[in-house]
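Could you slot chain B onto chain A? The hints should help.
Chain order of the listed sequences is A and B.
137 is the number that the numbering used here gives to position 137 of the first sequence; each next residue is one higher, with no gaps.
40 is the number that the numbering used here gives to position 40 of the second sequence; each next residue is one higher, with no gaps.
Since the hints were made in silico from the structure, they are not lab data.
On a predicted model such as this, the values are computed, not experimentally measured, just so you know.
You may find that some hints are simply not true.
As the list claims (entries may be wrong) - Computed Cβ-Cβ distance ranges for the label pairs, DEER-style:
{"#": "1", "chain 1": "B", "residue 1": "Pro143", "chain 2": "A", "residue 2": "Arg179", "range": "47 to 57 Å"}
{"#": "2", "chain 1": "B", "residue 1": "Arg7", "chain 2": "A", "residue 2": "Ala101", "range": "21 to 31 Å"}
{"#": "3", "chain 1": "A", "residue 1": "Pro185", "chain 2": "B", "residue 2": "Leu101", "range": "49 to 59 Å"}
{"#": "4", "chain 1": "B", "residue 1": "Ala237", "chain 2": "A", "residue 2": "Gly161", "range": "50 to 60 Å"}
{"#": "5", "chain 1": "A", "residue 1": "Ala9", "chain 2": "B", "residue 2": "Arg7", "range": "31 to 41 Å"}
{"#": "6", "chain 1": "A", "residue 1": "Asp21", "chain 2": "B", "residue 2": "Leu101", "range": "17 to 27 Å"}
{"#": "7", "chain 1": "B", "residue 1": "Pro234", "chain 2": "A", "residue 2": "Ser65", "range": "50 to 60 Å"}
{"#": "8", "chain 1": "B", "residue 1": "Gly151", "chain 2": "A", "residue 2": "Ala101", "range": "17 to 27 Å"}
{"#": "9", "chain 1": "B", "residue 1": "Gly151", "chain 2": "A", "residue 2": "Ser70", "range": "44 to 54 Å"}
{"#": "10", "chain 1": "B", "residue 1": "Arg113", "chain 2": "A", "residue 2": "Glu153", "range": "28 to 38 Å"}
{"#": "11", "chain 1": "B", "residue 1": "Gly144", "chain 2": "A", "residue 2": "Ser70", "range": "44 to 54 Å"}
Beta carbons are placed, not taken as given, at the ideal position from N, Cα and C, and that holds for glycine.
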Amino acid sequence: MEGRPLEDAELIERTAAGDRDAYDEIVRRYQGVLFRAAYFVTRAAADAEDATQEAFVKAYRAIGSFRRGSPLKPWLLRIVTNEARNRVRSSARRANLSLRAAEDRRISGDAAPSPEAAALEREDRQRLIAAVNSLGEGERLAVAYRYFLGLEEADAATALGVARGTVKSRLSRAMGRLREQLAEPSSSVPSGGEV
Amino acid sequence: MSADVERRLTELSAHLDVPPEPDLVAAVRERIRVAPRRRRLGPVVWTRRSIALAAALLVLASGIAVASYLGVRGIRIRVGESPTASPSPGATLDLGQRVSLRYARSIVRFPVRIPAVLGQPHDVYLSYRILGGQVTLAYRPGPGLPETSVGDVGLLLSEFQGSFSRSSIDKFVGQDQVHAVTVGGEPGFWIEGAHAVGYVDSVGNLMPDSLHLSGSALLWQIGSVTLRLESALPMEAAIRLAETVR
Chain A
1 MEGRPLEDAE LIERTAAGDR DAYDEIVRRY QGVLFRAAYF VTRAAADAED ATQEAFVKAY
61 RAIGSFRRGS PLKPWLLRIV TNEARNRVRS SARRANLSLR AAEDRRISGD AAPSPEAAAL
121 EREDRQRLIA AVNSLGEGER LAVAYRYFLG LEEADAATAL GVARGTVKSR LSRAMGRLRE
181 QLAEPSSSVP SGGEV
Chain B
1 MSADVERRLT ELSAHLDVPP EPDLVAAVRE RIRVAPRRRR LGPVVWTRRS IALAAALLVL
61 ASGIAVASYL GVRGIRIRVG ESPTASPSPG ATLDLGQRVS LRYARSIVRF PVRIPAVLGQ
121 PHDVYLSYRI LGGQVTLAYR PGPGLPETSV GDVGLLLSEF QGSFSRSSID KFVGQDQVHA
181 VTVGGEPGFW IEGAHAVGYV DSVGNLMPDS LHLSGSALLW QIGSVTLRLE SALPMEAAIR
241 LAETVR
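Next comes chain A alone, as it looks inside the complex (with noise of 0.2 Å):
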């Protein structure tokens, strides 16, 4: 018999009652989310890194006050949202977000697309990215944990400390920008993006 996963709530019982290994498994399932969140706020590896330690060690500490029933993820996801905001504000390095490189290598000889269509997806992929690097912080954030992290609007607002409808208005607004740079001609988008 293979053995079952234990549900959020009864490893948070066991970490509230003193259970390392309980909370050693909730680190393993949200370490994943919870970096990648990091990383879109702070856009460096080391600063999302340490953000999601902190947000771990952070969340231990408040386990007993977390209110049980409610979904854990957006809990967390506010916490590490929030030590993330603290390292942006400590340190000046912010790459954009950019395509994997690591893409071209997949594109083998005889591989459809032609070189010329993914060459095309690639480029459409780079104006996208673009102009998601363009928007400012609250409607950048907005659209990567919607479509980045996937998650639901009323998720995304709780891990970003906002009421829904602000996530609601603000990926209204990213989606109106977006569109229009991407109806712009190819040349009137910087191929790097820049915030």
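Frame of chain A, contents of chain B only:
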């Protein structure tokens, strides 16, 4: 159109250059152990280097004890080793955390199946990019399993809760690259030379996912679980192998 931008943003998420997720379990545990409860530890005190140093010292001090202490539920944590110290099939492919099969099975809510003809995988990876988690089994090349474009990988089998359809596939793959096939009586697709496919996750979101090898992929479903087999095997051989998955 807004829906088009939303679709493109969702698709873009699979192509973003995000650093691989670190394994933080040991570092967090240590940080909780040593951090005074009320004092906030800033990043200056606990840099990545000092965490790594502390972890390495722990390993040096008591290798066996630490290994058993960290090896909770079978997860393999290799504190203090460089990523190249123990080559592992698929280690360079951004497949997620390397874990034990037992651990992967304890985390995801679907049964993780293995190809009976290949037996136990050489390595198992767990990622959370797809809702509910994705488990990828990696096999080295061997008799009957040719090398792929990634030398130390002969076959990858990825499993997750979700589905796919002709329309979710067609968003990322040219029509001439997709062939409808049957795997153990169930419909599937044989995809040639593509570099991403689209799934519908368990709550209905269209999720793009990169293919890892530049060969071919076989997609099929067992119940609510989608399986994807990537290898350099020809179609018929891949289907025969897939039919031994249980």
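The hints, checked one at a time:
For B:Pro143 and A:Arg179, the hinted distance range of 47 to 57 Å is satisfied, since their beta carbons lie about 54 Å from each other. Distance hint check: the CB atoms of B:Arg7 and A:Ala101 are about 24 Å apart, consistent with the given range 21 to 31 Å. The hinted range of 49 to 59 Å is satisfied by A:Pro185 and B:Leu101, whose Cβ atoms lie roughly 52 Å apart. For the pair B:Ala237 and A:Gly161, the beta carbons lie near 53 Å from each other, so the given range of 50 to 60 Å is met.
At roughly 35 Å, the beta carbons of A:Ala9 and B:Arg7 sit within the given window of 31 to 41 Å. At roughly 19 Å, the beta carbons of A:Asp21 and B:Leu101 sit within the given window of 17 to 27 Å. Our hint of 50 to 60 Å for B:Pro234 and A:Ser65 holds, since their Cβ atoms are close to 58 Å apart. The beta-carbon spacing between B:Gly151 and A:Ala101, approximately 20 Å, falls within the hinted interval of 17 to 27 Å.
Between B:Gly151 and A:Ser70 the CB atoms are about 47 Å apart, so this pair conforms to the stated range of 44 to 54 Å. Evaluation of the 28 to 38 Å hint for B:Arg113 and A:Glu153 yields a pass: the beta carbon distance comes to about 35 Å. Checking the proposed 44 to 54 Å range against B:Gly144 and A:Ser70 shows it holds: the Cβ atoms sit about 51 Å from each other.
No hint from the list above goes unmet by this structure.
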